[in-house]
Amino acid sequence: MDNGSNIRIAREITTFNYSHVWNIRCVAHVLNLIASNIIKVQPVDHVLKQANQVVQFFKKSHRANQLLHDDIKNMNLDGGGLEMYCKTRWASIFGTTSSIVRLKPIFDKGCVITFTYIVNIIPIEKGISQVSIVQAEF
Numbered sequence: 678m679d680n681g682s683n684i685r686i687a688r689e690i691t692t693f694n695y696s697h698v699w700n701i702r703c704v705a706h707v708l709n710l711i712a713s714n715i716i717k718v719q720p721v722d723h724v725l726k727q728a729n730q731v732v733q734f735f736k737k738s739h740r741a742n743q744l745l746h747d748d749i750k751n752m753n754l755d756g757g758g759l760e761m762y763c764k765t766r767w768a769s770i771f772g773t774t775s776s777i778v779r780l781k782p783i784f785d786k787g788c789v790i791t792f793t794y795i796v797n798i799i800p801i802e803k804g805i806s807q808v809s810i811v812q813a814e815f
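Sequential numbering from 678 applies to the sequence shown in our numbering.
Hints listed in this document are in silico derivations from the structure and should not be mistaken for laboratory results.
For every residue, glycine included, the Cβ atom is placed at its ideal position computed from N, Cα and C.
Hints may contain errors.
Said to hold, decoys possible - In silico PhoX-like links for lysine-lysine, alpha-carbon gap of 20 Å or less:
1. Lys736 - Lys726
2. Lys764 - Lys717
3. Lys726 - Lys737
4. Lys726 - Lys786
Claimed, not checked - Simulated DEER-style distance windows between Cβ atoms:
5. His723 - Tyr695: 44 to 50 Å
6. Ser713 - Ser738: 30 to 36 Å
7. Ala768 - Ile701: 17 to 23 Å
Please take these sequences and the hints and turn them into a complete structure.
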């Protein structure tokens, strides 16, 4: 449910007629609005675009993707593979950035893609702190 004027009025009428019902906004909609604003910030937008480049590398290469999944299994890393950021799914902001950070041990190992490649895409000092900022917002 969104927070349009018709919904707001319906909540007010419901609260007036049923005092035990609280008039609160839809939390999911509010989170969606916050996430939509966060991705408009240039550093966040840049990190997400660069993160998607890393994810696309593995999605496009069957061999690289297989090696990634083999390493995930061999290193007992929980949480699955890489997640692609999708504009219409606001929760994917967290999923995309956290999946890259979570799989850092594989990238450090240097198999398939080195973390240096990711460093070139997302400067490690600045990039990881930006990723952390994105995660901290949720």
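Each hint, compared with the structure:
{"no.": "1", "hint": "Lys736 - Lys726", "verdict": "15 Å, holds"}
{"no.": "2", "hint": "Lys764 - Lys717", "verdict": "11 Å, holds"}
{"no.": "3", "hint": "Lys726 - Lys737", "verdict": "16 Å, holds"}
{"no.": "4", "hint": "Lys726 - Lys786", "verdict": "24 Å, violated"}
{"no.": "5", "hint": "His723 - Tyr695: 44 to 50 Å", "verdict": "48 Å, holds"}
{"no.": "6", "hint": "Ser713 - Ser738: 30 to 36 Å", "verdict": "32 Å, holds"}
{"no.": "7", "hint": "Ala768 - Ile701: 17 to 23 Å", "verdict": "21 Å, holds"}
Checked against the numbered hints given earlier, this structure breaks only hint 4.
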